[in-house]
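Visitor: Each chain, letter by letter, is given below.
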Amino acid sequence: MAEAHKILATIKTALEAGERQQYLDLANNHAPVVPPTRRVPIAGPEHRAELATSLARELELVGGKFAGIVSPAELSNRIVTLAREIGAKVIAIGEGASLDMDAIGEALERADIKVVKAVPVADSERLTMREQIANADLGIAEAEYGIASTGTLAVISTETRPGSLTLLPTASLIIVQIDRVVHDLAAMLAAHGPARLIEHRLTLITGPSRTADIEKRIVLGVHGPKALHVIVVWPRDE
Amino acid sequence: MAASPKGDFFDSSRAAVQDRELQRKLESASTRHLDHFAIVKAEFPLYEAEKDAAHRIKTDAIAHLDELLIQLTDKLHANGCKVFFAENAEQARKYIVDLAKAKGATRVVKGKSMTTEEIELNPAFKAAGIDPVETDLGEYIVQLRGEGPSHIITPAIHLSKEDIGHLFTEQFGIEYTSEPEKLTAEARQRLRAIFLTADFGITGVNFAIAETGTLIVVENEGNGRLSSSMPDTFVAIMGIEKVIPRLADLSHFLEILARTATGQKLTTYTSFISGPRREGELDGPREMHVVILDNGRSAMLADPVLREALNCIRCGACLNVCPIYRRIGGHAYKSVYPGPIGSIVSPNLFGSAAGYLPFASTLCGACKDICPVKINIPRILLHLRWKETEGERPLKWPAALEGARAGARRFAGIARHPRTIRMLGRLAAQMLKPFAHNGYLRRMPSPFSNWTKYRNFPRPHPHKRRPASSEVREP
Ligand code: SF4
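The listed protein sequences derive, respectively, from chains A and B. Going by the numbering used here, the first residue of the first sequence is number 83, and it counts up by one from there. Going by the numbering used here, the first residue of the second sequence is number 45, and it counts up by one from there.
Bound-form chain A, shown alone:
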């Protein structure tokens, strides 16, 4: 801690030596820090079609795959079809934020797909659980939010929904409820809020893992998933 005090004291002196007041004036002289006007506040139902369209378009622009808008009742079937399309034999899932992931797991098993379920683990079981998830062809997770303007999905990591689900399997499927899709990053962060941010690790995902480190050629799946599929759930009655 001695270093901390010493450095903080140095910083304080440095700020004073640099005429802090003058600098503060400079900072304050501009109008106070106000976020630029946001185009759409947190979306009302009338914006949903627009938001879903934008999310899908932006997702595809970053190399993601939009797997459609489905009703809650159609969700399991859509996932089974997708799993077949990409030839997934082992699928890792966790608990949903709002969705019944057990029902999805059962539907997959009925279709002869092996399901690995993430559960809370003791320290000694971590490596085994991680191996299992890493060996899955597809990991499924529900997002907390979708961000329409950038095609981003926001996921949190908990003991029943580890971040590994969207990181280790060969491909990733993220499901988001339509009422969780917001216009932009600022709206998403405001909705999430500081308290929940401290509670769980949050990850914003915008497309599949990618690199452009070799002659600027974009290659997907350098460390994380090679493909990112997204399904939007939209209740029929709306």
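A couple of the hints might just be wrong.
Here are the simulated PhoX-like pairs of lysine-lysine, each with C-alpha atoms no more than 20 Å apart in a straight line [stated by the list, open to error]:
1) B/LYS205 <-> A/LYS88
2) A/LYS171 <-> A/LYS308
3) B/LYS205 <-> A/LYS298
4) A/LYS298 <-> B/LYS226
5) B/LYS226 <-> A/LYS308
6) A/LYS298 <-> B/LYS69
7) B/LYS138 <-> A/LYS88
8) B/LYS412 <-> B/LYS85
Ranges between beta-carbon positions, derived for each pair [stated by the list, open to error]:
9) A/PRO317 <-> B/LYS205: 46 to 52 Å
10) A/GLY275 <-> B/LYS440: 54 to 60 Å
11) A/ALA277 <-> B/ALA171: 39 to 45 Å
12) A/PRO317 <-> B/PRO367: 53 to 59 Å
13) A/THR95 <-> B/THR464: 49 to 55 Å
14) B/ARG449 <-> A/LYS94: 35 to 41 Å
Honestly, the hints are just simulated from the structure, not real lab data. C-beta atoms are modelled at their ideal positions from N, C-alpha and C, and glycine is treated no differently.
With the hints as your guide, set chain B with the ligand onto chain A.
Guide: Relative to the frame of chain A, chain B with the ligand by itself:
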């Protein structure tokens, strides 16, 4: 790998200027970034407003740095992190290496971090018998070559796919291929095996939110996520200037950072890490340490002109637009931080060995125009030039340049006398005629030879009349 002994910059830049192949690679890479940037900027009407907001928030944050760091530390402690303030590179290195030793680590996985390059962490690990593995693909490649990164965003920008193909054949004994897809797959497979069992991880930090004690790491590959969530012990290292006040401030930076850096709207992954994993969680470290590094930054803070450079969010755009960088590439700067912003921070972080760098600029202002946090880079470079020549610790130039500088001073003396200079001009035009090629002098006779050692001189024209000093108006 940090600032090398003086003189090197002159040699390395002279060699790099001749390297047409290097320039081809730099041109194509920087042009691509800039083209993408132009497109996303045009599609985003709020770009200027966000840039403004980011500039203000950062200026304000730097002016309150002491208070924000105290708040950040308190929050990090409350979230279960250990915080260590390092005054210099040595202290930071020692803390991290000792920690790795105490944990019995034999290997360390590293996400991309310029700060660990700055403190020369890898050699310290190696000396302690610990193997540091760079996991960002570009960093991995340059590490295999035994080099440092040559760009702060794209470390292997100076290499062609063929270079990398040969490197992989040599290092791994695999069949030669220059296909980026295959080379990437090879690296993925090798690094994945390391990640799954890694027990010590390190990454840098892009922003730290004081309000919540949250560290933000942005990246495209996923290696930052892996490095911070697989190992049992995780160390994040950040400069003191990375702190911002509130969660609500963050979007302004993220909305401009990726756009300016690579022409993406957002990077693929943005991780918000507040503390170690909780009971029952699969991901995240059991122990999380945050190293907050000064290493010369508070000295920059004390200088009201230089202070502005601490606003930098390391987007790398000023490198992409810089005519000098595009000519000589990152390695020639002989400093961890190349390009315009590097020329500002290097002398302050690494001392006078990098003091020549502020002179390696045409002051064209392209960096200032593109900088997303509006740093007036040319102004700071001029300020540093002044400091390096007239200040407390004037630079010692290589003998040849010292001669040129003495010549320039003498010329300045003569130039005050309009009649003399006109006469000398006519004389010079006659005398130098035989040395000219295509209107330029590549070599001049002694005592002017030192001048042409570094640049060509336009041939003086006998009929061109220079205005007398009394006729010259201030620009
Ligand atoms: S000085 Fe500005 S342009 Fe250069 S890296 Fe920093 S933020 Fe980017």
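Visitor: When you take the CB atoms of A/GLY275 and B/LYS440, is the distance between them in 54 to 60 Å?
Guide: The hint (54 to 60 Å, Cβ to Cβ) holds, given that A/GLY275 and B/LYS440 are roughly 56 Å apart.
Visitor: Are A/LYS298 and B/LYS69 close enough, with their CA atoms no more than 20 Å apart?
Guide: It holds: about 10 Å lies between the C-alpha atoms, which stays within 20 Å.
Visitor: Could you grab the alpha-carbon distance between B/LYS138 and A/LYS88 and see if it respects the 20 Å cut-off?
Guide: holds (18 Å)
Visitor: CA of B/LYS205 to CA of A/LYS298, is that 20 Å or under?
Guide: The hint holds at about 10 Å.
Visitor: Go ahead and decide if the range 53 to 59 Å is satisfied by the Cβ distance of A/PRO317 to B/PRO367.
Guide: Hint holds: Cβ distance 57 Å, inside 53 to 59 Å.
Visitor: Take a look at whether the Cβ-Cβ distance between A/PRO317 and B/LYS205 falls inside 46 to 52 Å.
Guide: holds (49 Å)
Visitor: Would you check the hint for B/LYS412 and B/LYS85, treating anything up to 20 Å between C-alpha atoms as holding?
Guide: Answer holds: B/LYS412 to B/LYS85 is near 17 Å, not above 20 Å.
Visitor: Go ahead and decide if the range 35 to 41 Å is satisfied by the Cβ distance of B/ARG449 to A/LYS94.
Guide: This hint holds: roughly 39 Å between Cβ atoms.
Visitor: Within 20 Å, alpha carbon to alpha carbon, are B/LYS226 and A/LYS308?
Guide: holds (13 Å)
Visitor: Between A/THR95 and B/THR464, is the Cβ distance one that fits in 49 to 55 Å?
Guide: holds (51 Å)
Visitor: Tell me if the beta carbons of A/ALA277 and B/ALA171 are separated by a distance inside 39 to 45 Å.
Guide: holds (44 Å)
Visitor: Just to be careful, I want the Cα atoms of B/LYS205 and A/LYS88 compared with a cutoff of 20 Å; is the pair within it?
Guide: Violated. B/LYS205 to A/LYS88 sits at ~48 Å, over the 20 Å cutoff.
Violated hints amount to a single one, hint 1; each of the other numbered hints is respected by the structure.
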